[in-house]
Each structure stands twice: as C-alpha cells, then as structure tokens.
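Colleague: Chain by chain, the residues:
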Amino acid sequence: MSLKKLKLGSLITVLFVVLVSRVGQAFVFTDPTELYSTTIWDQWVYQSHHSNDQITVFYGEGDYDLLYFESLGRVSDGSLEAWAQRALRLYEEPGGLKDFQLEMPLTVIDVAGQTGLSCGYSYLDERDNQLWEYRVFLILPGGRGFSIALSTGDAWLEDGSPLEDILRQWRWLF
Amino acid sequence: MAVVILKHARAAKCFVLSLTVLVLVGMASSFVAAAPLGAGFERTLGNSAVSEILKQYGGEYVLPLHQRLWVEEVFRRLVGATDRKDVVYSLTILNSSELNAFSLPGGYVFITRGLVNSIGYDEAKLAAVLGHEVAHIEQKHGVNAVFRQMGLTVLLEMGVMALDLATADLFRIASHTLLQLVNLGWGREAELEADLIGQTLAVKAGFDGAGAVRLLDDLFGVPSEELPMKIFRTHPDTEVRRKRLEENLASYWSTPVVVRDQDVLERLDGGRNFPLDRRIDPTNRYVISLPLEGSGLQVFDQQTSRISVWLEDVLVQDFAWSPQGKYLAVLVGDEPQTQLWICDRWGRVTREVRIELAIADMCWSPQGNQVAMSVYGPSGEHVLVTYVDADIIFAVGEGLSGGVAWLDSGVYFENEGKWYHASAPKVEGVTIPNPVPQVLQKQRILSPSVVREGTTIRLTRPSLTMP
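Chains C and X supply the protein sequences, listed in that same order.
Quick note on numbering: our numbering labels position 87 of the first sequence as 87, and the sequence is numbered without any gaps.
Quick note: to get our numbering, add 1000 to the position in the second sequence (first position is 1).
Just chain C, same shape as in the assembly:
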C-alpha cells in the first residue's frame, strides 16, 4: 500500500468517525406547539427559562453561541422580501443593533419546502463585543412570520452557514 493511499484511507476513517460521532451526538427536537422538528447537536442545550410558545432557545458551547427559532404573528408587509428588508432596516436604525453591518445579503433558500430569505449580519452587544448572526426569514401558510437565527462571537460567516445541518433536517409539522 502506497503512502498516498494510506493517507487517504486515514482521512476517510477520520471523516467517518467524525460524521458517525456527530450523528450519534444529535437529537431530534420537536417544537411543543407542533409546528416543526429538526436535529440539534447534543452540545446545544435547550433553555426552558428563555423558551415559550413563541420562541425556542438553545445555548451552544461558545460564550456567545445561541440558536433560536421564533414563531411570530401575522406579517402584513406584502411580501417576504419586504418584511425581511423592514426588519433589517429597523435593526440598523436607532434603537436597533449597535454598529449593524449586513455581512451577507438576503438570499433565497428552501427550508423543507418553504421559501425563505437568509442573511448574515454583525453588531456590537452592550459590552461592545462583536457578534455575528445568521438569520432566515420565512412566511408560513396563513401569513405568520417565522425566524431561525444562530448567533456567535466568531466570524464564521466566511466559512458558510453552520445552520446547514439544522436546515437540512428541518421538517414542518403542518
């Protein structure tokens, strides 16, 4: 066996172990209001104190790692794009997010058959720590708004969205 083949074999083994361990360390979370379900990694801890019928919150391992899904009321902006743009405008305005910077423009994505708009932005928290947030806006049948957000203190946006696993496993329960 050549050294090259050995290296490739080792790499595949490592990737396999990582993937298997990752699958083994995830759990299926079903929204108590039976709106959706998805797979969440074990490192993410459900926060019952911060969650209610409208919002579900998970804390990750990092100091600022936060994952939350929010079910909102009826949106009357006319379109998903208009709603997302209004939200981003309000985040940018006084009273919104400090030093708001849109890092990734609104992009159309599919979340288990529902069209959504994703974007990424950064801002400063009260202690002037820079936070990055990846957000998906959705308008569900009936006109209700829905949002999926993941925030962190690391500039992961350059490496693509870590939400991909969650979105890939996403299922709507309606």
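Hints are computed from structural coordinates only; laboratory data are not their basis.
Be careful, since some hints might not be right.
Output of the computed footprint for chain C on chain X, the stretches with three or more beta carbons under 8 Å from beta carbons of chain C [unchecked claim]:
1. 1064-1077
2. 1423-1434
Partner residues aside, some chain X positions facing chain C, computed with beta carbon under 10 Å [unchecked claim]:
3. Ala1081
4. Thr1082
5. Gln1438
6. Val1439
7. Leu1440
8. Gln1441
9. Lys1442
All C-beta atoms, glycine included, are put in the ideal place defined by N, C-alpha and C.
Go by the hints and put chain X onto chain C.
Modeller: Okay, now just chain X, sitting in the frame of chain C:
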C-alpha cells in the same frame, strides 16, 4: 349727510367694541368652565410647550426596538379606545431616569424611560399610566387648568387690546402658564377623574384594570422625594385614590344573571370545579391530601418519593391548585374565621388574604392569577375576587353564597339550586402587529450570591430573565 355717516360709523365702531368685549368676557368665562375651544387650538397650545419639555427632560429617548414596538402597541390600543376622534395622539419617551409621565393639551403624551423601565413588560401597569395621561387630554384638563389660572389676566389684557385680539399674545401667555402648571398637575379633581377614566380606557382597550392599583402599590414603597410623578406624589390621599380604583374594578364586571345554557350547566357539574379534581397538581409532581386528623397538608413528592408536611400547625380546610400549577390556594382556620392563603408550588405562603368573612368556597381563574370566593358574614353574602400577587379584593356578586366556579368568560355561583353568571372584563395580551423577529443574546452565567444567616451560609439561586 357726511356728518350723519360719520356719527353712524362711530356708533357702529362703539357697538362692535362693546360686542367684542362681551364676547371675550363670555369666552373667558366659558374657558374656565369647559374650554370650548377646538382641537386645533389645543394642539397649538400643547405644541408650544413641547420643546421646553424635551429640553427639561434630556430630549427624546429611543427605546430598544422590541420594547418600543411593545410600548407603541399598548398606546395604540388605548388611543383606539378614546372617544375624542378630533385629537391626534402622540407618545414621546423622555431621556430621563425619573419616574414621570404627563400630557399636554392636543394629544401630547410623555413618559420617561425611567418609568418605562421600572414598569418592565407589565402592560396593565403601562396602560394605567398612559391611560391616566390620555384621560387628561380627553377631558381637556390641561387647557381648562390653563384658562382657570390665567382667566382674569387674559380678560383684562384682551379688554385693553379690544379689537386686536392678539392671538400670538394669547398663546404666549397660555403657553407660559401651561409650562408652569404641567409640573404641578392639573388639580386634585382632575387627577381623581383621570384615575377612573384612565382605568376605564385601559379596560376598554383590553388591559387589566388592576394595573392602576398595582402601580400605586409599587410606588408606595418609593420615597416621595424620588417620585416627581405628579399623579402619585402631590396628593396626601393616595390611599383614597387606591381604594377608589380598587372598588371601581367591580364596575367592569357584568351584573349577575341566571344561567340557562344547558352546555354551561353541564360543564359546571364536572371537571376542575369539583373539589377533588382541583386538588390534583397539574404538573403531576405532588400528591397532596388533607390529614385525617391534625393540621397541615400531607405532601408526597413523586420525583423524590419523599413525604413531607406543608403548613405545619395550620388547620387546613381545603386547597386547590391553580390551573397552571404555579400556586396553591389554601383555606385555613375554623369557620367562621376561615382565611385564604396563597402558596407557591413549593408550599411557601406568598399572600394571606385578610377578610372578616367566612369563606364557603373558592376557585381559580383560568389564567391562574385570580381567585373567586363565595363568602358570608354579618355584612351578608358576597362573591369576591382577589388577585394572587396584589392586595386587591372586590365584590362581583351580592346576596349569594354557595358553590363558585370560574369558566372561560367569568364567575359562576350557585344559590338555591340556580347558577348565576357574572362576566369578567376581557383581557388580551399585547401582540405586535406586523412583528419583527427578536435579536437575542446569550445570558451570561449568573453567579449565586452568598447570604449569611446566623451561623449558616445560604447561596441564592440567580434569577433568570429573558435576554
């Protein structure tokens, strides 16, 4: 001919002058009584003081996005419940840590960020403050107070100026008087009236009218010098005002009527209205029973398989879990000295309801924040409603004492084989129309604080709040 014409002209001028003075006297008198001026005049008068108010209170403050949307929605609902449609209402948050709120004629309502933040997200309390201020505008208290204050002065000045009328001067004087008065309040009668009208506005807008009472309770604990808020500071009869607001809560309930709906009657005969059903912990953790003899409550914790006694040495007659399992209502003591105690879900007493009447029955509201009781005593038979977290009691039914149940829309009480129903005012939570997703941040791990109690040291559990 020319002389005659001249004479006629002089006579006409004299006549016009006299007429004008008479009109002005009439106007000034009526200002004092009812200020029958249009909304445009009120708006201009109020607007003349806005910049000075902003200067005095550090300018306008922009609340964080979601807090702003929440405050605006409470205000929008209140304004929707007003009768005066000729007024354009606006709300300004002032950049001051003072606990203060006030209004100016013409629809200008102000509240400081200090008061907004101290209220937190309690919409009933915010509706009470803003409702009080909107009531001043609805009743034209500000403009009436200004003209009452300046009435004679204006009359003299206007009499001297006669035909000039000098609108600009009138505004100058009125605006100056307005600024002097705004920090003092519009007078005792006006404040009392604004209390009740503001409370009614809040109820009409779907808020709990008890918010006004709870707000006063909160502010009782604050030293008076820290209370610049005119509606709470300047009057020695704050307790009287609290009592009026508390008693007025009953007026928002409907008069009891006999229930004829068969479906309702069937519901009243089952479910959580039965004493045994309401003793089941909705979260299924605790199994509680009354001891066959002795006192207290026997508690079996299904999580730890431990048996303990709550309310040791207290004679317990009956108990009922709140529908969400957050509280336990307990009837204690021998008749006719029965009392209602409210415990948290770990058996700790959080409130003792003190009434001089015997309690025949009790039940929880579906929201688990109120308890209805049928009581009897020397003053007769009543159905009373009280709150879990506030010292508020009022009567919703008289001359009736028997079983009591609280279904969706209100309290039902039994008397001589018939059920009666009194509807509660409808309370709706705040829903932001056309909402915007929240932006949350991870809460830092909170350190417990160390409390020394004699020779022991106790660590307090840090309280967690929404980010």
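Colleague: Now, for every hint given, state plainly whether the structure supports it.
Modeller: Do the hints match the structure? See the list:
{"no.": "1", "hint": "1064-1077", "in the structure": "holds (count 3)"}
{"no.": "2", "hint": "1423-1434", "in the structure": "holds (count 4)"}
{"no.": "3", "hint": "Ala1081", "in the structure": "violated (21 Å)"}
{"no.": "4", "hint": "Thr1082", "in the structure": "violated (24 Å)"}
{"no.": "5", "hint": "Gln1438", "in the structure": "holds (6 Å)"}
{"no.": "6", "hint": "Val1439", "in the structure": "holds (6 Å)"}
{"no.": "7", "hint": "Leu1440", "in the structure": "holds (6 Å)"}
{"no.": "8", "hint": "Gln1441", "in the structure": "holds (6 Å)"}
{"no.": "9", "hint": "Lys1442", "in the structure": "holds (5 Å)"}
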